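With the first letter of the sequence shown counted as 1, position 162 gets the number 520 in the numbering used here; the numbers rise by one all the way through.
These are calculated hints, taken from the structure and not from any lab test. Be a bit skeptical, because a hint or two may be false.
Between beta-carbon pairs, the in silico distance windows are [claimed, not checked]:
(1) Glu-498 - Ile-416: 35 to 41 Å
(2) Ser-409 - Gly-457: 28 to 34 Å
(3) Glu-429 - Ser-500: 42 to 48 Å
(4) Val-520 - Glu-439: 31 to 37 Å
Straight-line distance between alpha carbons at most 20 Å, and here's what the computed SDA-like set of lysine to any residue pairs gives [stated by the list, open to error]:
(5) Lys-361 - Gly-469
(6) Lys-459 - Lys-508
(7) Lys-459 - Thr-502
(8) Lys-466 - Ser-435
(9) Lys-459 - Tyr-483
(10) Lys-408 - Asp-423
(11) Lys-490 - Gly-469
(12) Lys-447 - Asp-384
Note that the structure is predicted; figures quoted are calculated from it, not measured. Here a beta-carbon is modelled for each residue, glycine too, at the ideal position from N, C-alpha and C.
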Amino acid sequence: MSKIEIGAVAKPQGIKGELKIKLFADDFKSVSKVTCVWIKEAKYGVEYFKSIAGDEAIIKLVGLDDRNAAELLRRESLFAEREEISVPKGRFFIADVIGCKLFLSSGKEIGEISEIINGNVDYYYVDSQEGKAIFPLIKELSATFDIENKKVTVDAKKFTEVVIYED
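Given these sequences and hints, build the entire structure.
Structural data, given as structure tokens:
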């Protein structure tokens, strides 16, 4: 089983060991049924997990029962089993896109996607013969994802307008 990073501990919440989490998932619903998580290589059962606002949630872990213990987990990454995370149709894990080949709609292969920086707009980093290609994944690129065949295709004209190459 593989683990996917679903968030990070922002801070302890209250005095009973609850943790306030900054979620990295598209929405809380996709991780709401998680029954166990890993923090610092330790596995914890989930007592409860609830959304509080936007990309924030509160999680109570089995065996983590006081604020002092919770404080030790501040800023630590939170992982869950991939099989427990629901992904809406047409959405993918970043881990599934990394390693895909990037093609232009003209058929030209640019290179391999090596990194994705998540934000208001996701930035894709591609190892190419011209250097590291960096581009924002904007709607106008009309990106299509074929995860099974490890292939991502974007509009050739728009790509040339938005790509930046590093040496």
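Consistency of the hints with the structure:
no.	hint	in the structure
1	Glu-498 - Ile-416: 35 to 41 Å	38 Å, holds
2	Ser-409 - Gly-457: 28 to 34 Å	31 Å, holds
3	Glu-429 - Ser-500: 42 to 48 Å	47 Å, holds
4	Val-520 - Glu-439: 31 to 37 Å	36 Å, holds
5	Lys-361 - Gly-469	27 Å, violated
6	Lys-459 - Lys-508	6 Å, holds
7	Lys-459 - Thr-502	12 Å, holds
8	Lys-466 - Ser-435	38 Å, violated
9	Lys-459 - Tyr-483	11 Å, holds
10	Lys-408 - Asp-423	17 Å, holds
11	Lys-490 - Gly-469	9 Å, holds
12	Lys-447 - Asp-384	12 Å, holds
The earlier numbered hints that this structure contradicts are 5 and 8.
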